[in-house]
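Trainee: Each chain is listed here by its residues.
There are 2 protein chains.
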Amino acid sequence: MVQYSIGLDLGGTNLRAAAIDSTGKMLDKIAGATNFVEGREAVLGDMVAAIEKLREKHGAEGLAGIGAGVPGFIRFKEGYITNSNNLPYFENYPVRDEMEKRLGAKVILENDANAAALGEKWIGAGREHDDLVLLTLGTGIGGGIIYGGKIVRGFVGMAGELGHITVVPNGNPCGCGNRGCLEKHASATAVIAMAHMLHLGENLTAKDVNDIAKQQDEPGEKARAIWAAMGEALGIALATLVNTFNFPLYLLSGGPLPAWDFFAPRMMEVVKQRSYTFRATGTKIEKATLGGEAGLYGAAYLPWEK
Amino acid sequence: MVQYSIGLDLGGTNLRAAAIDSTGKMLDKIAGATNFVEGREAVLGDMVAAIEKLREKHGAEGLAGIGAGVPGFIRFKEGYITNSNNLPYFENYPVRDEMEKRLGAKVILENDANAAALGEKWIGAGREHDDLVLLTLGTGIGGGIIYGGKIVRGFVGMAGELGHITVVPNGNPCGCGNRGCLEKHASATAVIAMAHMLHLGENLTAKDVNDIAKQQDEPGEKARAIWAAMGEALGIALATLVNTFNFPLYLLSGGPLPAWDFFAPRMMEVVKQRSYTFRATGTKIEKATLGGEAGLYGAAYLPWEK
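Here the protein sequences come in this chain order: A and B. If you read the first sequence in the numbering used here, its first letter stands for residue 290, the second for the next number, and so on. If you read the second sequence in the numbering used here, its first letter stands for residue 290, the second for the next number, and so on.
Since no wrong hints were added, every one of them can be taken at face value.
Given that identical chains are not distinguished, each listed pair holds provided it fits within a single copy or across any two copies.
No more than 20 Å apart at the CA atoms, straight line, and that leaves these computed lysine to aspartate or glutamate pairs for EDC-like:
no.	residue 1	residue 2
1	Lys-342	Glu-330
2	Lys-439	Glu-582
3	Lys-366	Asp-419
4	Lys-496	Asp-550
5	Lys-395	Glu-341
6	Lys-346	Glu-389
7	Lys-346	Asp-335
In short, the hints are calculated from the structure, not lab data.
The shape of chain A in the complex, shown without the other chains:
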């Protein structure tokens, strides 16, 4: 009988679940838009239904466990989310226990970026390493720290909130109460906000700002300056992380990755300047390889984590 696990990834715009075997082979995947505005009961129902569907198809006997990656600050032991921009109705609600009750099975609830880092370590860009840090560049910036092959969770489960590292002490205000958080200067949202401030267009996406940066004109120059500013903010945060952990590998993932050639040169220049450890060692800063699936793989790996 095939040993498999079910991973669920609750993203900003959609819900996905997959059955993945112990070698990392994806056996089956369910993906669909989830209407977050429909509220807690609808979203919870969709989550449980997706998992049940996979379990019915692949059999309860071979199921090693269920893991779920969700956005927001996590209380790991209690299994709930304490602060999430997308899912206000899940805040301080016993989402894990409720899932377990409906499924009649154990569920491991984890922060989505922590799950993504674990996925990259399992079968992605980090599979050769036991120690790595992942930054997920999206609406915000998530972080996941893997040490000795396992997620660093901290004493309540909030470790790895690397999007809230201060990179500009008097920078843009953040919903977390801080100013100059990394995610307010280097996320896709931050890049888009800078593009709007420079009047590069309306309703832009990070991809648009990347396309504009390829132009040999004034808007192109402005877009390149935006990516350089974003790269500088990332560089400050990465230098701090390299000086803190001295891990061999730091990974980046998310929507802005196609603009690598525009932001990475400045980012690397800043890391080199700001980190003696980076210059003195063979530290690698690279693209993650699992893309949007990292969180799904990582969630599925949670039952096998130790």
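Put chain B on the given structure of chain A with help from the hints.
Mentor: Just chain B now, with coordinates in the frame of chain A:
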């Protein structure tokens, strides 16, 4: 027979060694000024002689091992120092192997702040916790990260260089190549430099700046502003560390600690503002309790670390 270990702490101005038993009781201590300008051979000779003296007195049979804490960036596996302000002649010199050769015994070489963090974890302010971060405020600022009861070393041994976290992107230049390193804004040296810039006196110490801060006059006001600036820099770094690790405990040690009442209020205010995790959890930021002996205890504990 008493099981004991020998710890050595090579500080900025003196060399100390101690025989400590497995319960953390200090059996014996040797302390003396070391004339760093006399060069490598003299310092190395003093280190070896101090250890030999303790071993002769307490017997080679009960000796569990020898640990040495030294300042600078460490190559742990190779056992040497790659970058140290105080000991240029030890850079890239096989100091551990040379000690082992002369002593005919194994020596564990560790960064002094890492050793101090381990000491605080063993029998100091961190003994109730397996996960903590220590910042040592001195000439520079050292850092030590304890996770699962053990030092986080990174892949070459340079983890925990927390004095080089960027807290002011365009701040004071640092010997490490960066600008705005924590240690250039919050070490004893930084406090003294600010006091000299404000003409509060000549050849001041951190203690002097603390004394001036107690005065109800204009110099007193200036000195308090210096401690507030120092506290703000510490707060930025601590918020980043809390957001990164979500550990239950962060400790501070070193010469500026008596000025706690002048720098800690601003420090705590900044941590509260900049860290959602701090506000949402029972994270503690406290004074270390072993003072200057932490590194000695931690060095002695190294042979028992796992």
